[in-house]
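Hey, can you work out the whole structure from these sequences and the hints?
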Amino acid sequence: MNTDLEEDWDLVLEPKTNLFDLKLKEIWKYRDLLMLLVRRDIVSFYKQTILGPLWFFIQPIFTTIIFVYIFGNLAGISTDGLPSPLFYMVGITAWNYFAECLNKTSTVFRDNAHIFGKVYFPRIVMPISIVISNLMRFGIQVLLVIVVYLYYRLTGVDLSIDFHILLFPLFVILMAMQGLGFGMLVSAMTTKYRDLIFLLTFGIQLLMYATTVIYPLSSLTGKMYFWVSLNPMTYVLEGIRRAVLGSGVFDLYTLSYAAGSSIVILFFGLFVFNKVEKSFVDTI
Amino acid sequence: MSIAIKVENLSKAYQIGEFSTGTISQDLERWWAKTRGKEDPFLKLGEENIRSEKGEGNIVWSLKNLNFEFNKGDVVGIIGKNGAGKSTLLKVLSQVTSPTTGKIKIKGRIASLLEVGTGFHPELTGRENIFLNGAILGMQKHEIKRQLDEIINFSGVERYIDTPVKRYSSGMYVRLAFAVAAHLESEILIVDEVLAVGDAEFQKKAIGKMQNIAHNTGRTVLFVSHNLAAVQQLCNLGLILKNGQVDMFGNVSLAIDRYVNSSNDLIHLIERNDEMVGNHFQLVFLCDSSNSRKNEFSHDEELYVMIRIVLPDYNEYLELSLRLDDRNKLPVFTIHEPLSAFERIGNCIEFKIKIPANFMAPGSYSWDICINHPNFKVYDLMEDILQTTIIDTGSKFAIYNGQNYGTVFAPYSVETV
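Chains as they are written, first to last, in numbering that gives the first Met the number 0: chain A, 0 to 283; chain B, 0 to 416.
I should point out that these hints are in silico values taken from the structure, not numbers from a laboratory. Quick caveat: nothing in here was measured; it's all calculated off a predicted structure. Do not take every clue at face value.
In silico DSSO-like links for lysine-lysine, alpha-carbon gap of 30 Å or less [stated by the list, open to error]:
id: 1; chain 1: B; residue 1: K5; chain 2: A; residue 2: K22
id: 2; chain 1: B; residue 1: K71; chain 2: B; residue 2: K241
id: 3; chain 1: B; residue 1: K203; chain 2: B; residue 2: K144
id: 4; chain 1: A; residue 1: K28; chain 2: B; residue 2: K293
id: 5; chain 1: B; residue 1: K353; chain 2: B; residue 2: K293
id: 6; chain 1: B; residue 1: K293; chain 2: A; residue 2: K277
Some chain B residues flagged as far from chain A (calculated, every beta-carbon gap over 10 Å) [as the list claims (entries may be wrong)]:
id: 7; residue: Q14
id: 8; residue: L27
id: 9; residue: A32
id: 10; residue: G101
id: 11; residue: T117
id: 12; residue: L131
id: 13; residue: F153
id: 14; residue: A229
id: 15; residue: D256
id: 16; residue: C286
id: 17; residue: E315
id: 18; residue: L321
id: 19; residue: W366
id: 20; residue: C369
id: 21; residue: I390
id: 22; residue: D391
In this text, a Cβ means the ideal position worked out from N, Cα and C, and glycines have one as well.
Written out as structure tokens, the structure is:
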């Protein structure tokens, strides 16, 4: 065998690979697949339904109505002086995006075991497609928020929007990173230990109460304030409210805490995911 | 010739048995060994993967120390019994799972077809699924677009192409799926038993397409199948796997011969005691002209099938049927003889059937034998017995060793005109 040919290989399969490799080049190669998977998720969601994409609106509307009644009217929880429907709707829409990303990503190995067992493509394409297709859904739901926002604006409620609105896309990206990171972590671990799936279903619900979805961070004091603000999602939600509604805890510290924790979560998830993806077919 | 795939010391271990709470403690132990730079304590227990034998550890080596090279343009048939490691090898080659040790080096784009229709979504239309499935198999959108008409045409489901595939018949589904797969444009193609889809007409089309890919496009193809006839037709090289190791790698006909001969499931001698009731074979074996039992004959030697039959339920319509099968289990010829022609001693008849010399071509064969009352009842039937090997001891064909030149020497003559 010619030694000078050795360098020419297009692909070398080995037991060990770089675990922090994002494989951007490979993902780019499979970009068509990524877009087709996103399309599949969205199209198959409303095929053979009468209301079609309208279903994307129905869930946040009903949840908002229930939250307004229970937390606003019955429990009387503060909404930072904002109209409670608007306050809840922003929180729910954002939280749902995170929760959906986490939920769907966390079962990615199980749901796709059949495909993964038969064909190779960079496994990370699947979770990324989930995050993107949920982003489309999120985008549609944001339209609803805009409608509700305009309604209050026109009825004379004082809602100030300033330059903070420019941070909105950044916070959405941070949410996506956290959902993806946590999801990959859980998905990787569930390939061997199924226990986590049971934990996750009610864990996400509990986590919502530990995040500032139904109450503003400013309504907390002392120890509670400290613990809730440790939650990496808290400052993200606060930041989104600040960007969109003009109220919420936001400064350079909260921004860097949110960004820093998102990066750590994403890379930790990626590390575990890469470790598992090579041979999960043997254990699932 | 340039090398397309090079496999070096490839091994793959699997853990068998249940995964339970034991796994977490084993994982910790493994991790502890690794951080101290020691070998994985559980891999040491590894042993050969022999399914039927009981083993000590719960780790088996599905593949062990494989070394081989495929050149560009080789069409390799991978054969072996169930559990020999064929599918594992394909899985490792197609990156579905990673090797435990060793390396695989690949030159060129590789695409694998371990199944047709992977990732088909029932709610999407045929056309949408062509794109999705193509992309999953590694095609780019523009490649699929360019070949779309051809794919639809090949599948023969044009009328339904904009209908969700959940409304397809299962035949239409696999036709469409195979059509996508058949139009993959990679330099290396890995195929696992996917030809057994659709009806007879489509299977013929599928094999034709595969032959075209294998022979006319200069691509490297790895093909796994239990259908030895298909392997023979498609491939020029054969790789025999046995218990996770390479048993032989070389010319496909020689490989198939060796594989068939090594499977010792075939019975060489039928010998039954008197406890059986009804008409049955009591003794069947092969022998040469001096009545000595054997299973290997040279091509220029006469072959005899010695048969003793017990007939408690004799009637004049009974027949003996005897069929010779080649190694692909395709019939070579059939003999029918009325049993009334033989002289009965008690209720027993004994005779031998002579197959002339220079008739059966070198290769591996087996026999099916049967006592029956035609169109009425089968009394005794034995299939795939009396493994027979014909060895070339200097025929005209000897120089074509390894080529498939059929199963019989034709009794032809050459005349001047």
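Legend entry - Earlier hints that do not hold, by number: Of the numbered hints given earlier, those the structure breaks are 4, 6, 7, 10, 11 and 12, listed in rising order.
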